[in-house]
Amino acid sequence: MTQNNRERVVVVGAGHGGGLTVAFLRQFGYAGEITLIGEETVLPYQRPPLSKAWLKGEVSQESLALRPPAFYVDQNIDLHLGVRAERIDVQARHVVLASGQEIPYDHLVLATGAHARTLPIPGVQLSNVMTLRTLVDAEHIRSALGPGKKLIIIGGGYVGLECAATARALGVEVTVLARAPRLLERVASEPVSAFLQRFHESKGVTFRLNAVIEAILGDTRAECVLLTDGTQLSCDAVLVGVGAIPTASMAQAIGLRCDDGIVVDADCRTSDPHIFAIGDVAKRPHPLYGRELRLESVPSCMEQAKRVAACITGREPAAAEVPWFWSDQYDLKLQIAGLPFEADETVVRGNPDEAKFAVFHLRAGHIVTVEAINAPPEFFAGKKLIGSGKTVAGDKLKDSTVPLTDLAA
Amino acid sequence: MIQITFVEHGGTHHTIDIPEGMSLMQAAVNHNVPGIDADCGGSMTCGTCRVCVPLDAQPVTGERSSLEQQMLEFSGLDGSGVRLSCQLVARPEFNGLRLQIPESQV
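Sequences listed follow chains A and B, in order. Numbering follows the numbering used here, in which position 102 of the first sequence is assigned residue number 102; successive positions increment by one, without gaps. Position in the second sequence (first residue = 1) + 1000 = the numbering used here.
Excised from the complex, chain B in its bound form (with noise of 0.2 Å):
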């Protein structure tokens, strides 16, 4: 299993173990972590996923794709930790992450 925390906007953590190969927008919406809406369910649509990844935990979540980027343009929310976290899906080097919930999804 791979450990990892949410951090609501207010501050309140969620802290879950994952799967490997599950999507971490699907492990939040399992455990109803609030701040996570996933409208659409996982398929790059919505927008309504977004996660804050820190600057340290980059090279372990790697790059947006180019369809990811596109999505995330107009998102309001700057910096390149911004990922939608139905692409981030479960890994070892995973472990430990922790993840901002940005204020709004909208």
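Just chain A, with the same shape it has in the complex (with noise of 0.2 Å):
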């Protein structure tokens, strides 16, 4: 493996997906400059704390950061902090930042992952309305937290959730608002839903479903929200998580193929060819399911990062891997791996009542999905099934007295 050692990546966007590719690179022994372009004025950091850990108190924002200084230094990384990449020039091969300075590349990777979607009401704009995706958003939410307080949050997601779990620690009064009729309708099954809700409402949760907000109500604070049934629900903030849209404005306004996100290919390389783009903004298509997917997830933008370093410096890329999101909430842990297209079988192994069971959702006897809560060895061997398609018997599945190690073997 060689590289030119005058040849330049610049990388826009320093989040996860950004600050990995950077360290993929120089691990993979890429000679060539590098240069990392983020609008946070902070190093790479894990956002997966923030509706956690950090939001808890229990880890300081040094403990966050993907590396150290010292990393970016070492391995002579040209670090552009708290700058905005304004334009690309296709033609020329340079980025553009606000100052008015031009970065070439010989390699772009764009990893501007998403921003908080917002709700199309009235009193979105007041000041202690919230939503989650930076250290800085995590900071104003965690400002606004304490004991007695009136949380409102918007959203039964995973962001919803999270928050309302470490609410709850805090001694805040959680009430959680949904469209939908059930928790986490789009990415989790019934039972999981239904197992989480009790678990939330057992800890002081209160939910309303179905729920469809007319309007949050103050001067220039929140002070209530107002449901369509003329429900009014007074509160001391809100924090909205209703999903994300990827940020893509820079890769539509040189058209390269957008479509809920940068259009990729296996490589994660958008239709420029110079151009890559990886992370929550990228869709791409996935070899274990044939179909284009935006994820969003560490997992995927760790191998989309490690998969881009590997084309940049020549490498065989890794097998594709098995998909797979995890969330804390008090004390479960939930690991979900695969993704549950036309499943014809659920398999529920375990025991809900307990906070310990797995759903497992089989198509033709294999297994695509498992959603394992506190149960790590369920989550493996599915995962792990998953991979290899063997078949899979729902009824042994579904026995804890057949052990596991006897299916995934």
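Read the hints as simulated data drawn from the structure, not as lab findings. The model shown is predicted, which means the values in this text are computed figures rather than measured ones. It is possible that some hints are incorrect.
[What the hints assert, rightly or not] Only pairs whose alpha carbons sit at most 20 Å apart, straight line, appear in this in silico SDA-like list of lysine to any residue: (1) 333/A to 1064/B; (2) 333/A to 1044/B; (3) 390/A to 1075/B; (4) 56/A to 1064/B; (5) 356/A to 1068/B; (6) 356/A to 1069/B; (7) 390/A to 374/A; (8) 203/A to 173/A; (9) 356/A to 1013/B; (10) 333/A to 191/A; (11) 333/A to 58/A; (12) 333/A to 1054/B; (13) 333/A to 350/A; (14) 333/A to 354/A.
Please dock the two separately framed chains into a single complex, following the hints provided.
The structure is reproduced here in structure tokens:
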């Protein structure tokens, strides 16, 4: 493997994907110049703890960093933080920063992520109506939480539920409003939704499902949330967690193919051969599913960063991984592997009442998804079986007396 | 400082000085050691920071917790020496430890 050491890689977006791309490039021996550009003022950091350990005050900001400051010096990474990349000139092959500075590239990696979706209702601009994507957002939320405070969370997805769990631990009164008839409607199965709702309720969270919001009311600060049925719920703060929108405007401006994200090939290459896109912003054909997917998850972003670094350095890329996701709420560890496309059988192993079980989804006798609650062996066995495509009998899977080692061997 | 050597599957060595109290996963990540992915950042969720502790050093690194044991049951790696490096927190007795990194963390 050789690289022209005057070759240049520019990475736009210094989040998880961007930070890992530069790290993998150096791991893989890339000897050229590397520039990392990010709008946030801090070094790339881990976002998952923002709704959990960090919000609870259990970990420091320093410990969130993907790599320590010395890494970027030692590895000769040129950092431009707190800087906005304005546009790409594909002819000249350079990125133009807000300052007007032009940064030339041979390979450009767009890792611009996603931004929080907002609601088209009056009152979302009030100062204590918050969303969660960045450390600054999380600081804002942390300052609004405290014993006896009333927090209304709009959205029954992972961000909402993780923040609900953390807020309860901090003594906050929490009400979750969701438009759907059940929690995690798009991302978890019914048994998992039902279990989580019961668990959160046992910890004191109030849910209003099928809730449609008319407006958030207040002068400069949100004081209450008004539902279309006339209900008014008073609050000290509102957190909106209703999904994210890929930040693809720079790619759209130069005509890269976009469709709910930047469309890329299996190697994460966009319709311009010099430009890659990875992470939350990238929509990529997944070899295990034969369709384009935009996955918002750390493991997916890590796999893509590794793939791009392998392509740039001329390495054989690793085989595709089974996509997986995780969430921590209270002392619950949720681990999910695979995606439930066209599943025709659902099997529950273990006992939800003991907060230790797994839901397997099968298609024609093959496991396609496992959702594990406090059940790491089921998660890892399921992930392995999804990858191998081995046929499994649902009745054996359901029977906790049949060891997983017999099924996954 | 506690000196730890990580050995990649291909044989490349990385010898690192680690302060007491830091997890060996964190140390490997901070030094960009290939093969320690640590997707979850140390929350014992991903199982991608596995290392093999040589037999003679296993009394020093100690026993796996029950959760760690569950995490490793289907790792495809056998043997009592397999550990999650996020669960190995540097102590003075670790000085001189050599850890083998598996070919793949998947």
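How the hints compare with the structure:
1. 333/A to 1064/B: holds, 19 Å
2. 333/A to 1044/B: Distance of about 9 Å is within 20 Å: holds.
3. 390/A to 1075/B: holds, 17 Å
4. 56/A to 1064/B: violated, 27 Å
5. 356/A to 1068/B: holds, 16 Å
6. 356/A to 1069/B: Distance ~16 Å between residue 356/A and residue 1069/B Cα, so the pair holds.
7. 390/A to 374/A: Answer violated: residue 390/A to residue 374/A is near 24 Å, above 20 Å.
8. 203/A to 173/A: Given pair residue 203/A, residue 173/A holds - Cα atoms ~10 Å apart, limit 20 Å.
9. 356/A to 1013/B: violated, 41 Å
10. 333/A to 191/A: holds, 16 Å
11. 333/A to 58/A: It holds: about 17 Å lies between the C-alpha atoms, which stays within 20 Å.
12. 333/A to 1054/B: Roughly 30 Å separates the two Cα atoms, so the pair is violated.
13. 333/A to 350/A: holds, 15 Å
14. 333/A to 354/A: holds, 13 Å
Hints 4, 7, 9 and 12, counting from the list given before, are not met by this structure.
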